[in-house]
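Let the hints inform the model, and build the full structure from the sequences given.
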Amino acid sequence: MAVSSGAAPAEPVHVATTVAPQPFARWLPFEWIVAIRFLREGRVQTAFIIGGVALGVAVIVFMSALITGLQSSLIQRVLTGIPHIQLTPRKDIVRALRDTAAGMREGAVMQAPLQRLKGIDQWQSVVAQVGAMPEVVVASPAVAGSAVVIRGDVSRVIGLTGMIPDLYYRVVALPDKIVKGVSRLDGTDIMIGTELAADLGIGVGDKLNVTGTGGATTTLTVTGIFDLGNKYVNQRSTFVALRTAQTLVALPGGVTSIDITVHDVYAADVIAQRIMSSADVQADSWITTNAQFFTAITAQTISMNAIRFFVGLSVAFGIASVLVVSVVQKSREIGILRAMGISRGQVLRVFLLQGVVLGLGGALAGSLLGFVGLTAWMQLTRAADGSSLFTLELSAGLFAWTLGLATLTGLVAAVVPALRAARLDPVVAING
Amino acid sequence: MAETTANGTPVVELRNMRKSYDVGRPNETEVLHGIDLVLHRGDFCAVMGPSGSGKSTLLNLIGLLDHPTSGSIAISGQETTTLDDAALTRLRGHSIGFVFQYHHLLTAFTALENVMMPMLGDQEFANAAMTERAAALIDTVGLTPWRDRLVGQLSGGQEQRVAVARALAMKPALLLADEPTGNLDTTSADAVFTLLRKVNAEEGTTVLFVTHNPLLAARCDRTIDVVDGRTVSRA
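Here the protein sequences line up with chains U and C, keeping their order.
Quick note on our numbering: the first sequence kicks off at 752 and runs consecutively.
Quick note on our numbering: the second sequence kicks off at 123 and runs consecutively.
If we take Cβ atoms under 8 Å as the criterion, some of the chain C residues that face chain U in the derived model are: (1) GLY185; (2) ASP188; (3) THR211; (4) ARG212; (5) PHE222; (6) HIS226; (7) LEU228; (8) MET239; (9) GLY243.
In short, the hints are calculated from the structure, not lab data.
Quick reminder that beta carbons are idealized off the backbone N, C-alpha and C, glycines included.
Written out as structure tokens, the structure is:
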């Protein structure tokens, strides 16, 4: 030992041979080491702010998963029974006759034209054209019309949909809705809803006389009974093979609609516009036909983003305030670091990294908290039959997005305190 | 002692250095009035003077922590008044060590880690070399048994010795000590002073030592009195 308290040194200054422990992981840069130690030193303060960030992140994770899950569930339910886009023939319109010389109409009152049942012109080429679009999953031609079913002295008016099962089932997952029988559809088969089956007192294998609006009558065998989750639909909807429907509604070789499924349900409107611009059809997306529902979903998304924004803002202010206090508390140490040759950039990075660590640490804890909350939610909220009310979106993407955003928030929140630390005049800092 | 560096260049050379505060304002005050000072390698120089005479300002200027209003400051032959902040920081880190009245150690770190800190920030040291040098310096100041303690667990004298070890970490040509014994009891103050003398004698480190203690000043090779912003040198 060279020097001890109260005694003058006797030994020379030169190197001691003691092998010291490795206090720092040298692969960690200076900034990381100091940032982590500063946070560790003020562990109560650090714990509180990480707790605050964690609560904010947990709220974001919980709300996002809940609302996204709810929206997905609602959209899935809506889209289960309808196509994403439906192509139909353009409606007949009345064109006013004009006296071109005088510029005046001949008739002041125009009567809206009757919309006759008509097919899509050149529907095979439209199906081929639409089916070739990369955004489209499947295009399924269909015939929709009305018919009357008679059994004994009971008759019902029904909606008749004729389709090609292999294609149509990719638009509407009808086989999943079959509660009795099978989803097979040959030329003499028909699938009916549970309510209609009950009204007519029939089951799988029974026969029905069906008279179409075209005047044709045929006898069809019930192969399947479905439940689409809506009493009215189950009372009115029936499905037959495409050719059978063409015969019944007197539209031989024609189709009244082309039902389309797309990859991105939210892009349906844009895709519909593109189809309309290239084919002589009316294209209606599910967004247009369910405008109020879509508006509600959009409003919900905006609300969720607003909540995320304000929670993120409060997290940012929390981190910033803690770091500002830390800069004040550490100003003498910052001053001596600068005196030792530590650059402004290194001091800046020390405080930026503290923001990153607080953001990331809070995000990790918050994600875990959110996950636990969501798991508890799924256990506590169940439908009467014990099934989940809806599926929560617990995707890795949500957690990755949240971690990234919280870390970025921490970094941004640390900018002002870090700049303040880096700009400290060493003399002023050291003298306090 | 009036040695020079290997190439004969003084370690510190001040020429007509002035320092004013509130420059350009009605209350502009000049606190140092044309200081000339030359310190060579191995000088051990005390700086004395009443409070407010400009001692600390002088030290801050020589330590490149502050900028003179006019005049020049050369450290080891390098004129500093034209350097930018990054270059000043580099020069300060490599050439100057500081010991203050209050130790200003980083309380989140152990004694050994505090000594390693300048080397860690410099990024030029391998882990083993850095640790070995810090351990040697801790041994030099007689704190090996306490080297892995957080500095808050050390006594005032021990803390100041850690501060001395830290100031020597980068093998500086110049050690600036601003009343390093001011807060210590007599025994601890003597130990710290003895340590500085030993470093000066064995390493050839130039030491500029601000003190109010005439007994300690008397043990220095040279004493400079700062009076009303001017220096008066005495043997």
